[in-house]
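Here the protein sequences line up with chains A and B, keeping their order. Under my numbering, think of the first position of the first sequence as 17, with each following residue one higher. Under my numbering, think of the first position of the second sequence as 20, with each following residue one higher.
By construction, these hints were calculated from the structure, which means they are not laboratory data. Note that CB positions come from ideal geometry on N, CA and C, so glycine has one too. Each hint should be verified, as a subset may be incorrect.
Unchecked claim - Simulated coverage check for chain B against chain A, where a stretch passes if three residues somewhere in it have a Cβ under 8 Å from a Cβ of chain A:
#1 220 to 229
#2 238 to 245
Unchecked claim - Calculated cross-link-like contacts (lysine-lysine; reagent style DSS-like; alpha-carbon spacing at most 27 Å):
#3 B:Lys325 with A:Lys103
#4 B:Lys157 with B:Lys216
#5 B:Lys157 with A:Lys146
#6 B:Lys325 with A:Lys100
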Amino acid sequence: MTAAVAEALLEVDDLHTHFQLKNKLIRAVNGVSFAVRRGEILGIAGESGAGKSVTCMSILRLVPNPGRIVRGRILFTGQDLLTKSEKQIRELRGQTVSMVFEDPLNSLDPAFRVGDLIGEALTLHKGLSKREAWKSAGELLRLVGIPDPDRRLDNYPHELSGGMQQRVMIAIALSCDPALLIADNPTTALDVTIQIQILDLVKQLRDRLGMAVLWITHDLGVVAKLCDRVVIMYAGEVMEQGDVYGVLKHPRHPYTRRLIDALPKLGRPEQRLMPIDGRPPDPANLPAGCPFAPRCYKAQPACEERAVPLVETSDGRAVRCLFPED
Amino acid sequence: MSVANLQVKDTADAKTQPDVAAEQRMFRRPSEWRIFWEAFSQDRLAVGAAALIGLVCLVSMLAPFLSPYDPTVGDNSLRLAPIGTPSHWLGLDGQGRDILSRLLWGGRVSLAIALLPVAVSSIISVFLGLVAGFFGGKVDMIIMRTLDVFFAFPAVLLAVAIAGVLGPGMLNVMLSLTIVLIPYISRVAYMATVTVKNELFVDQARVSGARPLQILFHHILPNTLSPVIVYGSTLVGIMIVLGAGLSFLGLGITPPKPDWGIMCSDGRNFLSVAPHVSAVPGIMLILVAMSFNIVGDGLRDALDPKLRK
Chain A
17 MTAAVAEALL EVDDLHTHFQ LKNKLIRAVN GVSFAVRRGE ILGIAGESGA
67 GKSVTCMSIL RLVPNPGRIV RGRILFTGQD LLTKSEKQIR ELRGQTVSMV
117 FEDPLNSLDP AFRVGDLIGE ALTLHKGLSK REAWKSAGEL LRLVGIPDPD
167 RRLDNYPHEL SGGMQQRVMI AIALSCDPAL LIADNPTTAL DVTIQIQILD
217 LVKQLRDRLG MAVLWITHDL GVVAKLCDRV VIMYAGEVME QGDVYGVLKH
267 PRHPYTRRLI DALPKLGRPE QRLMPIDGRP PDPANLPAGC PFAPRCYKAQ
317 PACEERAVPL VETSDGRAVR CLFPED
Chain B
20 MSVANLQVKD TADAKTQPDV AAEQRMFRRP SEWRIFWEAF SQDRLAVGAA
70 ALIGLVCLVS MLAPFLSPYD PTVGDNSLRL APIGTPSHWL GLDGQGRDIL
120 SRLLWGGRVS LAIALLPVAV SSIISVFLGL VAGFFGGKVD MIIMRTLDVF
170 FAFPAVLLAV AIAGVLGPGM LNVMLSLTIV LIPYISRVAY MATVTVKNEL
220 FVDQARVSGA RPLQILFHHI LPNTLSPVIV YGSTLVGIMI VLGAGLSFLG
270 LGITPPKPDW GIMCSDGRNF LSVAPHVSAV PGIMLILVAM SFNIVGDGLR
320 DALDPKLRK
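If we strip away everything but chain B, and leave its shape as in the complex, we get (with noise of 0.2 Å):
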């Protein structure tokens, strides 16, 4: 009996009196934004990986007024040059263009092609598995089994025939990526909507009064994204070399336009002699495919209460 009498008793008290500090920290109390960000910030790692995302981006959007040489003109006399030519920083490839050029041209295109395919087809995706795991019965039957037989093809397979379909070009490619994306993405969303969709907390709701929609966009949508961030950030990097295995087959941009896939593709003939062909642009790819990882788990990490620090 004692504890929570004393408890009810004691605070019915205080509460006769104003409470001026209280008022203050219901007027500063810290928005979503702001936990978020307080969380993910102290993440050294994220924090590192999104600068160098940003940084990748801002060069490569300034690349018509960084880029020191043209990327498609080369300079036979030089070719080949290695790392650390004077005025060639960057080396040069089999056809002498400069590779620091290309590298900055060629994140246009690589870049896009990574990251609109993935966020197109994830908010597509998110809306598709909510929906399907959500109401469930028919709709979920007609939505997924939709999806299934996308499934039935291999991925990659997919996206040559749509881009072959589609005809060479990059939105043609960035949009045969997202339909092949789509199914992969709504199969883990949806997988988080079943999940969560149990919860008792769905019910607690529920009990509450809110409607089905409330509660999905309420409820279920923020417990489903973390799936969703996670996974879609490792695709980025496979988008990455399969976008540039469109171009490579002549469905993507179209050389000798760059992009860091055809880079490497390009220098593996020269291997032996210049690995710093192929090795550049490939250590750009795996750099900024790694930070796309980084930043999801940080993401991943700050959205999600229960694992912030």
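Pulled out of the complex, with its shape left as it was, chain A reads as follows (with noise of 0.2 Å):
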């Protein structure tokens, strides 16, 4: 992990997110680490309340209510924004860090002209006039290959298709040239044959701007697609990390194993699909020792007995597993 610290962009090191409801506590985060380093493509991949989207509300300090950053820090070239006001975070949303979401029509103002939302974050961060940040606007729907970009900026967002609306999303995440991109389930909304397009876009993007992204997923084929290296979640902790070739050729952990074996695949029609039995556990009662233990096939007694550390290994992978497969 030194080499990745040396030239880490974002460091999340030790990261506890909890929500305290009236009767119980939800521990959606517990303890993830993991670091983004400069011009990367860092998936993060898990299930749905894996506590992938809260890791990064947390990043940039928007976690919903009730929800706490308890413990950890999150450090962005090297300075801990847990620590800053906030306003100096603010001055960082949007300008060095962005955000994509999942769902780009409901993520457009409907009220405004498509360049006046683009335009948007270069008046509040640049201080740009309007009809400057109407001009940029109209670069930035170029960037994202937008064709006719000078016309679309007179449309609503309603008056775009799905694939649009999320280039356009991606044109404002951009626009202030970030130094960190996140997506968060970016594609879900969108059929294959657009999500392609988008994924190929964003990593041009990433090589022409050099920016890191941080894309959060549900689905290995993007990550298999789209990222450098890739991060594996479960119950709010990170089970396995290391190169997309190898977590997804090699899997150690078996949570991971298991996660590939549930995909269908190309040319093996008569494969039957492998579906994980059992459900995640309860963010409000984790199990003391490995939330997957009770779902997993090589589970012993010592995997409940105490939590299990995670474990680096010389090739920069790292897993969270007392037997892990090789």
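Hints in hand, dock the two standalone chains.
Below, the structure written as structure tokens:
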């Protein structure tokens, strides 16, 4: 990990985000650590409720009520975001770190034209006049591959197709030249042909602009296509991380293994899908040991006794398992 | 890979040439007002209704110059003369007063009583509803629970009570109607705010680094106006009637000064022999109230980008 730390743009260290409800404590994120290097695309994959989105919102310090970041550090270019003032963090949002949401239509304010929406961050952070902002907005639409961008500026969001809306979202996120783009499931609402266009676009933009991307998804296919490295999360913990090829080709954690087995495979229609039995643990009542142990085919009594540490290996991978595959 | 790739390349080439047409379009970009006006002017019904309201407002304001007779002095020899009587085209009422003149003078009172309270309380209510809905928690509690107290009283009773305490007079009637309306419109604005507040685009604005007040006024306010405009426009007609009710109880303007509501109620004794005494102001009332509803709907359609044609 030391090598990664040296070139890390964003380093999340032992992050705990909890939601205190009336009679129970939801532990959504439990000691998550990972690093995003400059210019890399890091995927965070896991099933719904694994704490992926809460981790993202924690990075921008926008955890919805009654969530609290209880413990941990979030280092961005070496500075801890959790100790910054609200004003400093607002400067950061949309400017150095920007975010794209899952549902493009609902993320775009229906009352404004595309040009106003893209220009908003520019007028906010760069102090551009409205006309200058519209001009830059046109450039940005061109950058994200929207044909006839100048005319599109006058459109309202609902007049665009889903793929275009997501491109507009990406244009908004890119407007202030961010160092890090966080994308929370941005392709789930799109059909696969548009999805692949967006993935290609993000890759290209990364190459051209040199930003780092943190891509949240529950689709391992997207991870394989897009990401350089991947973090597999389960029940608010990192189960495994490493380079995409290694993790997906030779998974070490039984959970990663089962996730991959659960995917349909091209060319082998006779093979039945293998679902993972059981369900994720209740985040208000997490087991003391490995959270996956109750569903794990390799589980031993030792797994349930106490927390399993995340063990790093020399090849830059890490796995949280007492009996990893090899 | 191919599609996005091609487009980026393709447009990157285009970028190198100075795009004169685009430059000009940027210069001549239609403003929000222009877009709104173009959408609104296509709605013929709404434009007609707005014109009618404008005309009624204009002639009411010019009543001192247009009115052919004194609205308070009657000619007993011609009591209850029907519509079409020479030199009294809309007839005379039970005390021989010229209905046209009373309609003109009464319009000043009725329109003021209908419009001002709705306008003023809408502004106050939007502010209260926005603040309560957006900040939530204690602020929400204090504002909305206080307004809930007003809901405990029937609106008309409350208006009577307030006007009674303040004493008779047109200004006091308007004040009491304003107070009565605030809880109702606030609730509409509050509900709209709470709905809009949880929309993803508000999170999007937050993620873009917008300050809370910028989010409130830039993103939430425009999206809460539609329901308030529509609701407010339906209230205008009700206010004319309610204001007339207060006058009838001796709390509004004092007879023999006319307003449309009083004119309607004056005519009720002669309904079987001279229906026009009530009908003429009644039709005016309906026309104006309906026009406000139509204009309200038209405004909503023209202000909401999704409803524009």
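Hints, one by one, checked against the model:
For the segment 220 to 229 of chain B, the stated coverage by chain A is satisfied: 9 residues place a CB nearer than 8 Å to a CB of that chain, which reaches the threshold of 3. As drawn, the segment 238 to 245 of chain B meets chain A at 3 residues by the rule of a beta-carbon pair under 8 Å; at three or more, the given contact holds. The suggested pairing of Lys325 (chain B) with Lys103 (chain A) is violated, with an alpha-carbon distance near 35 Å, which exceeds 27 Å. A C-alpha spacing of about 17 Å is found between Lys157 (chain B) and Lys216 (chain B), which places the hinted pair at or below 27 Å, so the restraint holds.
Pair hint Lys157 (chain B) plus Lys146 (chain A) does not hold up; C-alpha atoms about 37 Å apart against a cutoff of 27 Å. In summary, the hint linking Lys325 (chain B) to Lys100 (chain A) is not supported, as the alpha carbons are separated by about 40 Å, beyond the 27 Å threshold.
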